[in-house]
Structure formats: C-alpha cells, structure tokens
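**Q** Chains as they are written, first to last, in full-length UniProt numbering: chain A, 1 to 331; chain B, 1 to 331.
Worth flagging that the hints you see were computed from the coordinates, not collected in a lab.
Treat the hints with caution; some may be incorrect.
The list cannot tell twin chains apart, which means a pair is met if one copy fits it or any two copies do.
As the list claims (entries may be wrong) - Think about it this way: if two alpha-carbon atoms lie no more than 25 Å apart in a straight line, the pair counts; the simulated DMTMM-like pairs of lysine to aspartate or glutamate are: (1) Lys-98 x Glu-129; (2) Lys-2 x Glu-211; (3) Lys-2 x Glu-206; (4) Lys-92 x Asp-237; (5) Lys-9 x Glu-129; (6) Lys-9 x Glu-211; (7) Lys-180 x Asp-241; (8) Lys-98 x Asp-115; (9) Lys-200 x Glu-211; (10) Lys-200 x Asp-231; (11) Lys-2 x Glu-225; (12) Lys-200 x Asp-313; (13) Lys-9 x Glu-89.
Just so we're clear, the structure is a prediction, and the values are computed from it rather than from any experiment.
Number of protein chains: 2
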Amino acid sequence: MKKFVNDPKNFVPEMLEGLALAHPDTLRYVPAYNLIMRADAPRTDKVSIVQGSGSGHEPAHVMVVGRGLLDAACPGDVFAAPPMDYVYETTKLLATPKGVLLLVNNYTGDRMAFDMGKEMADADGLRTEILTVNDDVAVTDSLYTVGRRGVAGNFFVIKAVGAAAEQGAELDDLIRIGRKVNDVTRTMGVGLTACTPPAKGSPLFELGADEIEFGVGIHGEPGRERRRLTDADAIVDALLDAVVPDLPYKSGDRVALMINGLGGTPVSELYLLYRHAHQRLAERGIRVGRSYVNEYCTSLDMAGASLTLVRLDDEIETLLAAPADAPVNPF
Amino acid sequence: MKKFVNDPKNFVPEMLEGLALAHPDTLRYVPAYNLIMRADAPRTDKVSIVQGSGSGHEPAHVMVVGRGLLDAACPGDVFAAPPMDYVYETTKLLATPKGVLLLVNNYTGDRMAFDMGKEMADADGLRTEILTVNDDVAVTDSLYTVGRRGVAGNFFVIKAVGAAAEQGAELDDLIRIGRKVNDVTRTMGVGLTACTPPAKGSPLFELGADEIEFGVGIHGEPGRERRRLTDADAIVDALLDAVVPDLPYKSGDRVALMINGLGGTPVSELYLLYRHAHQRLAERGIRVGRSYVNEYCTSLDMAGASLTLVRLDDEIETLLAAPADAPVNPF
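So that you can see chain A by itself, here it is in the shape it has in the complex (with noise of 0.2 Å):
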C-alpha cells in the first residue's frame, strides 16, 4: 500500500483534525462525534443542513461544509456509515428553530443510520426531515443498496439546498428543492483502477491492466459491466449513451455538466473527457449552462471519472449559482 497514512484506525480522525487546523476560521472539529461544523453553527435564523456518509469519498462531505454548502457533515470510517449516535449527537448540535435537513446518499447502512437518529432526534422533540438522494443510472439495486445509488449528483442537492437555507427558505420548501433537483439530476461513472482501502492496505477489487469496470460505484462496487479500455471519445460516448435517455435530457434543455474524478485521476484527463461531452451534448442540441470539472465524490485513489447531468430552470440555475465557500473546491 503506498499511501500517506499512520496507523490506518486513525486515518478519519488525522483528517479531519488537519481540516480543522488549515481553517480556524471556518470548520471546527467535534472529536467526540467525528463531526466537522461551520464555526458559525447554529445558526437560529435558518435550517442546518447535514449530510453523513462514509469516509473516503473527500470532498464529500467534510469538505463541502461553508457558507451556501453544509453545516455539518457527520462521517463514518472509510466506506462505512456513521454510527446512528453520531447522527443523533450532530443533530442536536445543529438543531435550530427551523429545524434540521439530514441528507442521505442512498446506501442501506447510510440510511439505516439516519433513520434511527432522526428518530432519536424526534423523540426529543427536534424538527427534523430527511432528503435521499439517488442519482446514479448503473444499477437498480447494488452490493450495498436497495435502489439506485447517490453519488457525485449529489453536489447538485447540496448546493441548491444550501442557497435556499442561506436565503432563509423554511424546511419543507427546502425538501421540494431537494427533491426537484434530485429528480433532474443522473451519474454514471467509470473506474479505471481498484481503489485500495487503509485499514486493507490491497486493492479493494481486481481489474486487468486493459479493463475497465463501466458503471462503477463510488465504494467500487460492480457497475454494469467489465469493458476493454477504449479512448476517452468512445468512455464519453458510453456514459451519455447511459445517462441522456435516462432522464431522458432532450434538446432545448440547458444543463448542469459534471466531471467528477475519482481520487487518481488527474484534472487534466477530467476537462479532456469534458470537451468531448459538451460536443456531444451540443449535437443532441442541449446547451451547457453551467460546468463543473474536479473532484467531487471520490473513491479514495481510484483512476476514474463520472459524468453528471442536471437539467436547469431558473429556479434551479439561481440557486446553483449563488455564494458559496468551501475549503477545497470552487463552488
């Protein structure tokens, strides 16, 4: 295994404490629930939103907390949901009078979690709701999900939802933004290499020096199906072949595009897969209206990219493009 990494049990904590220390400012660090939060939280005159996920994923989600982003993000060990308690113990933390969005990617452990700290949370009297995003076209159900996958798309909700609450919006208008974006927004990735785990310290899964895994998810779960590594054209081709029918994105539609690398894969190779899916999308007459190129959602080292599409109207644009800060991405 050649990575930057000490004992690999403290891989999250080490993380998240040197977050913490490069924005003072900014983020501070809940050791207790492995909690990273705006130093402004909570903030009475709006929702917090959060989000949980698995480590490994970085920038999701510890990274995408600021102004217009998160208030909290609440993770777990690499690839594994945070405990329910962590959920429950964040949720209280970031309880406000207008109440708390708990946003989940939709993996079984992720939501079970939520689930129970809502519960938790409810029972104590809390305003709390839960948003599931699903965005990724692969596959129906997967090695940990029932249902379709919530994967770089994700980004989508997050910002739009992270406006709304910065302007004020109440909780169920932020769960009708959630859900409208949620509704318009399809991934679909490739990986080209296994990524590999601290705690296993081997790659994760077996790929062959000329085979991609197309369709992968973002734990490197199977995706559709095991192809031969073709140019970047054809690996674009296929993804919107996947995800343009899907919604289906028609012409006259403007759009939000996305290429997300996947932790090994370097920004170059991300805006040479973006030119040839703006061509391709403008020859199917949909116009890209705004472009994201960078890592998003990643799967630790992993050499890979996915592709997302979000079909904008003005409501949803506005929202995409208000102020927003996070430590590591543009927003």
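Chain B: place on chain A using the hints.
**A** Showing chain B alone in chain A's frame:
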C-alpha cells in the same frame, strides 16, 4: 496505460479546448499558440502576467489563469517547454503599455524558450521582464536544471504579483514583489509512484513496492535519495527537516503552509499530512497564517505530495489574501 486519452499527441490541445469550453465567460483558447488567456486580456490598465511551462502539471499553469492570477498561460506539450515562437506570440498578444511579466520556473528548456521569446518581443519594442522561480530545496542541479528547480511554491509568486498587478502596480514593482516572495519560499516533494506520460504509455521510472523518491522533481526527476516507505508523520518530519533549515524558518515566523498533491494522491491524505506539519511547526514556534491543501502543481498521475513554506510579512500576506478566481482551486 490506464488513462483517459485519445491520440496522445492531442492530449494537450484537447484538454485546453475542454478548459475553454467549460469557462467561456472567463477564458479564451488560441489553438495556434497553445494559449489560454483571460477573456478580458490584455487590459491596458495593468501589467499582463504570463507563465509557460510543460503540460502535465495541471492546474499549473493553464488553470491558474483568471482575475488576480495569470493573464495567460502558454504551455508546451507534456513535460516539454513551450516553443520560443509561442512565447513570442503570446507576449505580443498580451502586450500592454504597462508591460508583460514573464514567469518561468527554473528549467533549462523553459528558460531558453522564454529568453528567446523575450528577445524577439523586445526587438519589437515591447516592454517585458522575466522572473525566475526556484523554490525546490531537494537538489542543486538536476536532470533538466542548472540551479534549483521551480515547483509548487511558484503559486505564491503568481498570487502575489497577480494581486499587485490587479491593483495597478508597475512592472518594476512586480519584479520586486515576485523576487521577494520567491526568496522566502521553499518546497520539497516526495513521490510514492511514478507518473505515466500519455505519449510514453508506461511509467517514467521504476519505484519498488516499498520505495519512495525523496525530493522527487515534478517530471519524475530523481531527488535526494530512495527511501523506504514510512508512516505519513515520519515523511512530513523528513520534509520539514529539509525545508525549515534551508531559509531558515525560525521561531516567531509566521508562514503560509502548502501541502500540494502530485496528481494521484487523494485530498484526504493531503489533509493528514497537513495536520502533522501544522503541529510540528507550532512546536518550533512557527505559526501558520495561511493554509493551502490541494493540487496546485502536479506530475500527471503521480502519487505523492510536496510541502511548501512561505515566510509571511504584512505585504505578502495582504497580497495572498486578495481576491482571485481560477477554474479549479479557491485561492
């Protein structure tokens, strides 16, 4: 080779085309000279700041073009200096009454191209200056260099002169500021894996399963020595032991601390490195005033990282804190 690439000889132009397509309001691509420039450049009220280098180091430098940063970047092919006539044409296109500042990292090929390009521009009566960056403490001379190499610390020079140029500073003052920042900036890197150039299709050098290249260059050039892979904290200690005494940085100093990923290392690991560096500096009485944890200057898909320190004073800190926009990183 497991990369997103079409014909390797189109790797750079396709990436640049994607970059311009993704940022149509702010960037313009001039294919004739491999040039990325601000859409609003040249602005007659400011000095234009231009940097060129080999490609493969993205975001350096084509993704550092924007407000308060570079006005243009003129890249060569992967790990190859830009042709001198591209430097000349870029300088002509960016010429303003206040002049053009050409930034060059210290590699023999880049310096030759920029010296010749400048000479041709000067013969046309243009006002130009060259500023050379050489922040890498690893080696004195190297495979492509007489004297120290310019690596990720380059970004602090760009940010400082970019901010000052935006505020209307004259060419001679930008030279003063750039030299001052370069003089207090030191970097050292470590490579865990080799990188694979698209046109070569195989790793550029060999590293054993438990070997690291300590002091590696951003083209995979040898550093100080091959070492055994140790835990992350010990690697940080070794980097600090090389960087801190070199200026030296002393108790009472306040610094900017950058942990830069080399392309294949996820941001989670970078924050883990940051944590220990921040703590060790505090033990030495050195206070971190500004933090940078991200990919700034990569070596294609190499796993690894570099550590940079900049000794801050009020002038440098104010310039580093000035507003700036770039496609990939918050600055």
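**Q** Indicate, hint by hint, whether the structure satisfies it.
**A** Each hint, compared with the structure:
no.: 1; hint: Lys-98 x Glu-129; result: within (11 Å within a copy, 57 Å between copies)
no.: 2; hint: Lys-2 x Glu-211; result: both (22 Å within a copy, 9 Å between copies)
no.: 3; hint: Lys-2 x Glu-206; result: both (17 Å within a copy, 14 Å between copies)
no.: 4; hint: Lys-92 x Asp-237; result: neither (46 Å within a copy, 39 Å between copies)
no.: 5; hint: Lys-9 x Glu-129; result: neither (32 Å within a copy, 52 Å between copies)
no.: 6; hint: Lys-9 x Glu-211; result: between (31 Å within a copy, 23 Å between copies)
no.: 7; hint: Lys-180 x Asp-241; result: within (23 Å within a copy, 53 Å between copies)
no.: 8; hint: Lys-98 x Asp-115; result: within (20 Å within a copy, 62 Å between copies)
no.: 9; hint: Lys-200 x Glu-211; result: both (23 Å within a copy, 19 Å between copies)
no.: 10; hint: Lys-200 x Asp-231; result: between (32 Å within a copy, 15 Å between copies)
no.: 11; hint: Lys-2 x Glu-225; result: between (28 Å within a copy, 17 Å between copies)
no.: 12; hint: Lys-200 x Asp-313; result: neither (44 Å within a copy, 45 Å between copies)
no.: 13; hint: Lys-9 x Glu-89; result: within (22 Å within a copy, 54 Å between copies)
The structure fails to meet hints 4, 5 and 12 from the earlier list, while all remaining hints are met.
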